[in-house]
Amino acid sequence: MRRITDIFQPLSRPAVMISEAAYVVLIICAGIFVVVTGLLVFIVIKFRRPARDDGREPPQIYGSTNIELAWTVIPILITVVLVLVTSRTIGEIQDMKMPENALKVRVVGHQWWWEIHYPDLGIVTANEVHIPVSNRDPAKATPTHVVLQSADVIHSFWVPQLAGKTDVVPNKTNDTWLDPYEPGVYFGNCAEYCGTQHANMLLRVIVHTPEGFEKWVASQKTPPAAPQTAQEIKGHQLFYGYSCMNCHTVDGSVAEGVFGPNLTKLTTRQTIGAGVAELNDKTLWAWVDDPQKLKVGCLMPDMQLLDPEVDAIVAYLKTLK
Amino acid sequence: MSDTIVDENFKAPEPERVGEERGSFTRIAQELVFTVDHKKLGLMYIGSGLLFFVVAGLMATMMRMQLAFPNGKLLEPDVFNRLFTMHGTAMVFLVGMPIIFGFANYLIPLMIGTRDMAFPRLNAFGFWVFFFSGLLLYFSYLAGPGLYAAGSAPDVGWFAYSPLTAKAFSRGHSTDYWTLSLLMGGIGSIATAINIIVTTLCLRCKGMTLGRLPLFVWMFLVVAFLVIIAMPPLSACQIMLILDRYLDAKFFDTQAGGSAVLWQHFFWIFGHPEVYILMLPGFAVASEVIPVFSRKPIFGYPIMVAATLMIAFISLSVWAHHMFTVGMTSLGNTFFAISTMIIAIPTGIKIFNWLGTMYGGKIRFDLPMIFCIGFLFQFLIAGLTGVMLSVAPFDWQLSDSYFVVAHFHYVLIGGLLYTIFAGIYYWYPKAFGRMPSKKLGHWHFWLFTIGFHLTFGPQHIAGILGMPRRIFTYEEGRGWEVWNLLSSIGVLIQIPGILCFVINLIYSYFKGKKSGDDPWDAWTLEWSTTSPPPEYNFANLPEVKSRRPLWDLKHPEDPDWKFE
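Protein chains in written order, with my numbering: chain B, 760 to 1080; chain H, 34 to 597.
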């Protein structure tokens, strides 16, 4: 599967504004590069010592105020242009006022996964941010306001096609905004080194049509069905009998742990272990059996379960949808 | 003294040695340990810097092998994280710093016409403190776990952002080794900086006014002041970190109301001037080599000095451009974006002045010069990607991506390391009396240049395609595969290049052509004494009338002092 994280294929207002400023800078820099490299090549070829040199030294020139003034003033002018482009774009993106009714998402960085809250909708999920699509026309835009907090060390929230990165800093609340033009799945990463499994702290933003988003919200708010089969019931008992619930929450049950991801709607997610693998029966089984095999160093320990116990717990987890 | 400014009297014969036979092991060991001679210390600085360079370079090679293909299985995550931490820390503090101090030590007394640094024993102290701080850092691989049976070498990244360094997230002693090593190295750096300043200001020979100081010495004078300003914040935050870890201070403890961003301010107030502490010596070498091999004086000496001072001054106010993504206000971001862009102006002036020096000259393509031409080209690229990063919104995308990795490797390898190579080839005949092999040097240049661009060029693109730095592995399908593979292949081309360099240094020491005192037909004072220079440098201290005393000597009909 092609997973685009190219900053020059932006599909969201802040990312588009950044790429527009970036093109201006790239053109200016390319111009400077061509001129100076051309000069260097010309000088190196033109002024190399001739093969039959007379041994005389070239004219000794110590400097020239006019020439030096010229190559001071030109860079100053270029800098002025850059300053104007930069300060304008900074203001437009950073000081953008969020509409009152903007969807609010709170993203909390953990070592090494993302906790995602929808404070106004009462939904808690992990690693995949679901948001509605916005509009290319700024007047009709419905941006999403993302509030960023950290539970431990510094992380950084980066989905290149949607916006520039914003650090996720403990004891400091940052925010950013997403304003996607098209529905789809957008890929991202934690972009600030945060320890052992920094590389596997991946992130997805799933952009729905407005109707699709309504449907997703409704489905997330429906509690999972109670376990039915003997296997599922056994798994349910094991889940509560072992210490799973110390770290994980399943809404509407006694499992209220907050150290690991909320599992209420686990199997509606695309990936497991913050993107370390696609979520399917095989990877779920492997994860429950020993998460350290899939994601070495992650904070969920190997619970030393027997294979039948893993089977049962997986059967139970599959009811969480 | 007659009209000539420098004459044969400055050279003196090697004195008879008393005691043990020259060349025996005890004699060499004794000389190395007890010497306070600026030239020996200078070579020891450069030698140990190159040693750490090879070690840290091999660490980078291992990382590139891991990243050659997606889902690499060569290294465990923590092993990889230690590698990039140690690689970065070593390259900055154990390679860059000692090598530039080595150049300063060896050359400043010779260039300003004096017999040694102002404080020779402080000089030796500085070297040994640096050397043991390096050993201390690497010792962490053995002793990092301590009694905790956790941790090994530091794995917090070379800028060690808190709170990842807190006890809760960094168990064992790895972070302590890192902290103490940097604290110790900082003491050595400050000692050396003080020595450079005092030597330059107080020990110049007769006639050597500040306006006649070789640009090399000027730039090191500025570097030394920067070291004195930049090192204390680093030491301060290291001490704060130790207090946090062992006495429960709460500077960076976010759970107790401390600030994670505070560390970043302290670190980068050191860290950005540090970039110029490393780069200005590169400029210093280029400003000596380019004139000599273009056969012209440096174009616009006064403005070169002014640009150096400007760079140093502005470099103290740009630190937060490393922090555009931490959530500063838009005003703060704009301020640091603007100050960063302004620093491009004096840097641009320098590049133009070097080109102006070459323009109209008769360029000789000896080894030092080809490395300086490589430097000009690569530093231009580094400067331009730097301009891109200074545009804060663009930085929100590029920061902490492989684009940044590519950028600072173009600065530190394409810029600094190339001038270090140029400087080593240029002054090698002075230090050892023999010429480096031109053939091996060319192999070194071309292999290393091709390997370098192949390694770091593609990383720009990987960064633009969204690849974050410091990841030990990556998934398929992001479009990063080909760029990473090219990058890893580049390393395999760099390695034989470096081998040619090392072999050249050793081979030429024994078999190189005898160089004589002034093989490049150069103009500064170090070329007026013997190669290698005697311990006292000059039999009689010279007297100068211009910036190019040996030019005046060689061209009595057209001396510089008539025009300055």
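Some clues are possibly wrong.
Unchecked claim - Once the Cα atoms are required to be at most 25 Å apart in a straight line, the calculated DSS-like pairs of lysine-lysine come out as:
1. 472(H) to 1041(B)
2. 283(H) to 931(B)
3. 106(H) to 1052(B)
4. 980(B) to 1052(B)
5. 805(B) to 200(H)
6. 587(H) to 546(H)
7. 931(B) to 587(H)
8. 73(H) to 546(H)
9. 805(B) to 471(H)
10. 73(H) to 544(H)
11. 931(B) to 974(B)
12. 863(B) to 805(B)
13. 395(H) to 472(H)
14. 899(B) to 993(B)
15. 578(H) to 595(H)
Stated by the list, open to error - Just so you have them, the derived chain B footprint on chain H, three or more residues with Cβ under 8 Å:
16. 107-119
17. 132-146
18. 391-405
These are calculated hints, taken from the structure and not from any lab test. Just so you know, even glycine gets a beta-carbon here, dropped at the ideal spot from N, CA and C.
Structure-based check of each hint:
For the given pair, residue 472(H) sits about 59 Å from residue 1041(B) by alpha-carbon distance, which is inconsistent with the 25 Å threshold. Under the criterion of a C-alpha separation no larger than 25 Å, the hint pairing residue 283(H) with residue 931(B) is consistent with the structure, at around 16 Å. The suggested pairing of residue 106(H) with residue 1052(B) holds, with an alpha-carbon distance near 13 Å, which does not exceed 25 Å. The hinted pair formed by residue 980(B) and residue 1052(B) fails the criterion: a straight-line CA distance of about 33 Å is larger than 25 Å.
Restraint check for residue 805(B) and residue 200(H): not satisfied, since their Cα atoms lie roughly 61 Å apart, outside the 25 Å limit. Pair hint residue 587(H) plus residue 546(H) holds up; C-alpha atoms about 24 Å apart against a cutoff of 25 Å. In summary, the hint linking residue 931(B) to residue 587(H) is not supported, as the alpha carbons are separated by about 66 Å, beyond the 25 Å threshold. Annotation: proposed proximity of residue 73(H) to residue 546(H) holds, straight-line Cα distance about 22 Å (limit 25 Å).
Restraint check for residue 805(B) and residue 471(H): satisfied, since their Cα atoms lie roughly 23 Å apart, inside the 25 Å limit. About 21 Å separates the Cα atoms of residue 73(H) and residue 544(H), which keeps this hinted pair within 25 Å; it holds. For the hint pairing residue 931(B) with residue 974(B), the CA-to-CA distance comes to about 33 Å; that exceeds 25 Å, so the pair is violated. A hinted pair counts as satisfied when its Cα atoms are at most 25 Å apart, and residue 863(B) with residue 805(B) does not qualify at roughly 63 Å.
As the CA atoms of residue 395(H) and residue 472(H) are separated by approximately 22 Å, the hinted pair is consistent with the 25 Å bound. Proposed proximity of residue 899(B) and residue 993(B) is contradicted: the alpha carbons are some 51 Å apart, above 25 Å. Only pairs whose Cα atoms come within 25 Å are accepted, and residue 578(H) paired with residue 595(H) is accepted, the gap being roughly 9 Å. Only when three residues or more bring their CB closer than 8 Å to a CB of chain B does the claim for the segment 107-119 of chain H stand; here the count is 4, and the claim holds.
With a threshold of 8 Å between beta carbons, the proposed coverage of the segment 132-146 of chain H by chain B is violated, since 0 of its residues qualify and at least three are required. By the rule of at least three residues with a Cβ nearer than 8 Å to a Cβ of chain B, the coverage given for the segment 391-405 of chain H holds, with 8 such residues.
Of the numbered hints stated above, those contradicted by the structure are hints 1, 4, 5, 7, 11, 12, 14, 17, listed in ascending order.
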